[in-house]
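Undergrad: Please work from the sequences and hints to get the whole structure.
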Amino acid sequence: GAGVSQTPSNKVTEKGKYVELRCDPISGHTALYWYRQSLGQGPEFLIYFQGTGAADDSGLPNDRFFAVRPEGSVSTLKIQRTERGDSAVYLCASSRGLAATGELFFGEGSRLTVL
Amino acid sequence: QKEVEQDPGPLSVPEGAIVSLNCTYSNSAFQYFMWYRQYSRKGPELLMYTYSSGNKEDGRFTAQVDKSSKYISLFIRDSQPSDSATYLCAMKYNQGGKLIFGQGTELSVKP
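Here the protein sequences line up with chains A and B, keeping their order. Heads up: the first sequence runs through residues 1 to 115, numbered per our numbering. Heads up: the second sequence runs through residues 1 to 111, numbered per our numbering.
Derived by calculation from the structure, the hints in this document are not laboratory data. The structure presented is a predicted model; accordingly, all values stated were derived computationally and were not measured. Since no wrong hints were added, every one of them can be taken at face value.
Residues from chain A that face chain B, not an exhaustive set, calculated with beta carbons under 7 Å:
{"no.": "1", "residue": "31"}
{"no.": "2", "residue": "41"}
{"no.": "3", "residue": "43"}
{"no.": "4", "residue": "45"}
{"no.": "5", "residue": "48"}
{"no.": "6", "residue": "56"}
{"no.": "7", "residue": "91"}
{"no.": "8", "residue": "103"}
{"no.": "9", "residue": "106"}
{"no.": "10", "residue": "107"}
{"no.": "11", "residue": "108"}
Listed next, the in silico DSS-like pairs over lysine-lysine satisfying Cα-Cα at most 25 Å (straight line):
{"no.": "12", "chain 1": "A", "residue 1": "78", "chain 2": "B", "residue 2": "98"}
{"no.": "13", "chain 1": "B", "residue 1": "67", "chain 2": "B", "residue 2": "2"}
{"no.": "14", "chain 1": "B", "residue 1": "56", "chain 2": "B", "residue 2": "70"}
{"no.": "15", "chain 1": "A", "residue 1": "15", "chain 2": "A", "residue 2": "78"}
{"no.": "16", "chain 1": "B", "residue 1": "98", "chain 2": "B", "residue 2": "56"}
{"no.": "17", "chain 1": "B", "residue 1": "42", "chain 2": "A", "residue 2": "11"}
{"no.": "18", "chain 1": "A", "residue 1": "78", "chain 2": "B", "residue 2": "42"}
{"no.": "19", "chain 1": "B", "residue 1": "70", "chain 2": "B", "residue 2": "98"}
{"no.": "20", "chain 1": "A", "residue 1": "78", "chain 2": "A", "residue 2": "17"}
FRET-style restraints, in silico, Cβ to Cβ:
{"no.": "21", "chain 1": "A", "residue 1": "74", "chain 2": "B", "residue 2": "80", "range": "36 to 42 Å"}
{"no.": "22", "chain 1": "A", "residue 1": "27", "chain 2": "B", "residue 2": "29", "range": "30 to 36 Å"}
{"no.": "23", "chain 1": "B", "residue 1": "95", "chain 2": "A", "residue 2": "68", "range": "22 to 28 Å"}
{"no.": "24", "chain 1": "A", "residue 1": "76", "chain 2": "B", "residue 2": "20", "range": "37 to 43 Å"}
For each residue, glycine too, the CB sits at the ideal point set by N, CA and C.
TA: Right, dumping it as structure tokens:
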């Protein structure tokens, strides 16, 4: 498909484990965003990339969270020493440039459950 | 205090009703205002965006922004069961790409 692809769609892990979530943006989109959405809440900003570099990582909650986008396309969100409070849907989005109109194209998310 | 406040609902209306959804915000630096729609277990999708104050209409949807009151609205006319979803307001500064979302309002339109 031509949309944003996220894998895995579901991930169940145990407290303390390491997790990687992958995002494949729409081809040609230079900006890539990670959001976290807890049940009954709106998406909470984590980080966005313009090209390969993180343009704004002010939303990463602590140093257990890290994201990379080494070639300016696919991105991986990495969570170390997972905690139960990390359970949420992790949404990835992409846009052409910085999306002056605010139009981000979202994937369906990776649902993380930490037991 | 959250930067963007939105009543989570749920809101239930009969088919054909006019729906009014609202958000308030605290930071006057926001310049772009968006409404996203999110169906269950899907990612949000953009419905409408407005730059600065004013109204914008697109079919059955009208977005209004009142920057003096820090208040934005989305109106849905002739609501349909297919409009049943969570509606998220979102805002952006003039610079940068970060969107700040409201909590979302869950809407149910009953046939």
